[in-house]
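J.: Kindly generate the complete structure, drawing on both the sequences and the hints.
Residue numbers (our numbering): 17 to 187.
Hints in this document: simulated from the structure, not taken from any laboratory. From the three backbone atoms N, C-alpha and C, an ideal C-beta is built for every residue, glycine too. Don't take each hint at face value.
FRET-style restraints, in silico, Cβ to Cβ [stated by the list, open to error]:
#1 D142 with H40: 35 to 43 Å
#2 A175 with G35: 32 to 40 Å
#3 A36 with R167: 38 to 46 Å
Derived EDC-like pairs: lysine to aspartate or glutamate, alpha-carbon spacing no greater than 20 Å straight-line [what the hints assert, rightly or not]:
#4 K118 with E79
#5 K118 with D93
#6 K118 with D168
#7 K118 with E31
#8 K118 with E166
#9 K118 with D171
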Amino acid sequence: MTNPQRTLVLMRHAEAGHGAGGDHDRPLTSQGRSDARAAGRWLAEEVGELDLVLVSSARRTRETWREAADAGAAARDVQASDEVYDAGLDELLAAVSHLPDKARAVLVLGHAPGIPMLAHVLASADGPADVREALDHGFPTATICRFGVERDWLDVGAATIDLLQVTIPRG
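T.: So this is what it looks like as structure tokens:
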């Protein structure tokens with residue numbers, strides 16, 4: 017697939033430390049900030065401008081996006097969502113199926129285990145074997161998966177879209 021109708025990017029937040037305010041308020045570590053900037057450079061080069069970023073409302077995901085944007089990632093609209101924080105597979109699938117039809121390139125920036133589970137479930141068996149195998153080697157912080165989507169968002173489900181790239185940016 018060379019020119020998919022849509023692009024869906026799934027990303028796990030960069031490395032976070034332990035915050036005094038509990039899980040929702042955990043900040044990025046210095047390595048996490050560096051990795052998020054590397055992710056931003058990758059997004060700018062490989063994906064280009066995003067129509068929409070759905071980012072978990074947690075501090076570490078918002079900081080991941082802020083660092084990525086400072087390094088070149090661009091989006092027309094960024095929405096922090098409590099629904100993406102601590103979301104399971106069903107909630108994330110619902111979020112994807114309700115994306116605006118006009119959105120052609122979307123990043124969902126969230127957490128494990130939800131984002132890795134969604135990546136595994138969405139990837140069709142038709143994608144390149146080496147890319148699918150990369151997904152099977154774990155999903156560390158800052159991992160990014162890029163999918164090509166040849167259908168409406170409403171029709172995205174298990175094994176329905178092509179996994180094009182898996183990368184783990186490190187700064």
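J.: Looking at the structure, which of the earlier hints fail to hold?
T.: Violated hints (numbers, rising): 4 and 7; every other hint is consistent with the structure.
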